[in-house]
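Chain A is fixed; fit chain B onto it per the hints.
One letter stands for each residue in the lines below.
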Amino acid sequence: MENLILEVNDLTTKYITRYDENIYAVDHVSLKVAEGKSLGIAGESGCGKSTLALSLMGYYFAPLHYTSGEIVIDRRTISGMDPDEVRKSILGREISYIPQAAMNALNPTRKIIDFIADVVQAHDMHANKKEIYERASGLFETLGLPVEVLQKYPVELSGGMKQRTVIAVSVILFPKVLIADEPSSALDVTSQKMVIKMLKQLLETGFISSLIFITHELPLLYNVTDDIMVMYAGQIVEKAKAKDAVFDPLHPYARGLMGSIIVPEEGLRDVKLTAIPGVPPNLKDPPSGCRFADRCRYVRPACTAAASIEFRELADGRAYRCIVPEGELREIYSKEAERYA
Amino acid sequence: MPDERKIILSTRGLTKIFGFGRTKTLAVDRVDLDIYEGEVVSIVGESGSGKTTLAKMILGLLNPTDGEIFFQGKPRDIRSRKKKLEYWNNIQAIFQDPYSSYNQFQKIDAVLLDCIRMRGGRKLPKERKLEMMTEACSFVNLKFEELTNKYPFELSGGQMQRLMIARIFLLKPKILVADEPTSMIDACSRATILDFLMQLRDEIGMTVIFITHDIGLAYYVSDTVFIMERGKFVESGTADEVILNPKDFCTQRLISDVPKIHEEWDLSTVEFPS
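Protein chains in written order, with this note's numbering: chain A, 1 to 341; chain B, 1001 to 1274.
Any given hint could be a false lead.
[Unchecked claim] A short list of chain B residues far from chain A (calculated; beta carbon distances all over 10 Å):
{"id": "1", "residue": "L1062"}
{"id": "2", "residue": "Q1106"}
{"id": "3", "residue": "L1113"}
{"id": "4", "residue": "I1116"}
{"id": "5", "residue": "R1128"}
{"id": "6", "residue": "T1134"}
[What the hints assert, rightly or not] Short, incomplete list of chain B residues facing chain A, as computed with Cβ under 10 Å:
{"id": "7", "residue": "Q1159"}
{"id": "8", "residue": "I1215"}
{"id": "9", "residue": "G1216"}
No lab work stands behind these hints, which were simulated from the structure alone.
The beta carbon of each residue, even a glycine, is placed where N, CA and C say it ideally should be.
Same shape as in the complex, but just chain A (with noise of 0.2 Å):
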């Protein structure tokens, strides 16, 4: 049995608007990660991926509320405690987070060590300035970052720089989850890779758990992340390993999905990109039954029909949301690929 890091049950959070209208842009999501493993979770923007990042944390600010549903990171539920608890002892030292262009963040007028100083000192009020320093280098060291980083201001460095600087500050604690939300989005691709290559030595060397790693470049959670979950209006609705989710999604909008991916191969130029068409629905009132139904190209009569749809759970952790069994939807997709050829 494998160790579990993460655990997280039928989690519904939503958002309170102004004018008292409930969002529920995170609903019924449950997942499992387990100890040096990545989850990677993809969608489209709008679909409730960053919602969620922040929701697994147990920390809520309005206007996201907590409404239902169990978290618990190596056995101790954080769902339903009291922020100010959640917030000392959890957050940094259980569960670590790093939000879109991470980099923003750095206050120009600090220099590094500061803020390093900063994080530690809030867990640990009697640590002192050399520990902290020893602490931060030998941490650079490891993460093949120079020491000087230590003692430069924000301005000294570059854009990629920056980024894995925010994620050696966010790990200096050892948490045992670690969020990365679109890290590398506002990088070229030569930082991306070493952003990549920084996160996987993280987990390779023990630094973190466990790594939940949200894009919406397919590819890059390909090659990054064990398994895969998609997204859509707030609800998983494909889980797979990573080889499946892309190779051979099962829900249509996972197929959508990965039929927009652009790589530089071979018989690139041959496929055609398939665009799914139209927007998602607007989660104020989400329609009933399945909320691709307006959407997907097979849809029946069934599927706004039904109240809400079933995640189908298949062998090897696999699981979608739709009201067709696996067998058919393949039989569907085969003579779609035969009519194609």
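Relative to chain A, chain B alone:
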């Protein structure tokens, strides 16, 4: 058979230097470029390699420090305002950031009406204008009735970029400069935008200059690829030649840095700069 095709735009020794004295930077360094009519040309490079500067000079938004640009065989003349507008009838652009491409005080109708006016449709009856605008919007899968009386900020990024393509549909330029048109929108809408762009090219037979840092994208859309590095072209050729069989070191690095799905992505070659 390059001789049979017509060159629509070419540059000779095009150079741009920013700043002076100690802060002098050479952004574009003596670039010679020939673009044939009806082809899709990609200019690929890392950030800071000078590809946007080159595009801005071709568009006539920046004055080159040195060198010449030939449009349809004749040296380009945009010294007067009138001649510049005439030139912009033939060459149009889609920029990277859809949010800053529009005048925020102008409604969507006005944006499209401007395009009709630029093509000499000022005196057309109102119904005909409406018809043209509706046609342009439906080409990119937008509903004109939903857009009238709206301001640009009320649209999403993908919708704005599609509206930009609707503009090009009305303007029917000979050359389109697309400067990273898909880098600000997410991977899922990217396919839609590219589809419309390529449909439009087939419809009005324009030449497209596609500027991007994503080498996969360049491979997908273009006939000819130019790789740019430090203001110079380091490699050029047909898309298959350059991407599948790269010769220059910069091209090889650009390709190896992009994650792929059928080949192993080699992370061991990464070196952290010290």
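**Request:** Tell me if B:I1215 is really an interface residue toward chain A, meaning its C-beta lies closer than 10 Å to one of theirs.
**Result:** 5 Å, holds
**Prompt:** Is it the case that B:R1128 keeps its Cβ farther than 10 Å from each residue Cβ in chain A?
**Reply:** Since the minimum Cβ distance to chain A is about 29 Å, B:R1128 lies beyond 10 Å and the statement holds.
**Request:** With 10 Å as the threshold, tell me whether B:Q1106 passes as away from chain A on beta-carbon distances.
**Result:** 24 Å, holds
**Asked** So is B:T1134 really clear of chain A, every C-beta pair being over 10 Å apart?
**Response** Nearest chain A Cβ is 19 Å from B:T1134, so the label holds.
**Request:** Could you check that no beta carbon of chain A comes within 10 Å of the beta carbon of B:L1113?
**Result:** Non-interface label on B:L1113 holds, nearest chain A Cβ at 26 Å vs cutoff 10 Å.
**Request:** Could you check that no beta carbon of chain A comes within 10 Å of the beta carbon of B:I1116?
**Result:** 27 Å, holds
**Least C-beta distance between B:L1062 and chain A, which was stated to exceed 10 Å** = For B:L1062, whose nearest Cβ neighbour in chain A is about 23 Å away, the distance exceeds 10 Å, so it holds.
**Request:** Against chain A, run the beta carbon of B:G1216 and see if the smallest gap drops under 10 Å.
**Result:** 4 Å, holds
**Item:** Interface hint status, B:Q1159 versus chain A (Cβ within 10 Å)
**Value:** Given a least distance of 9 Å, the restraint on B:Q1159 holds.
Comparing the model with each earlier hint shows no violations; every hint is respected.
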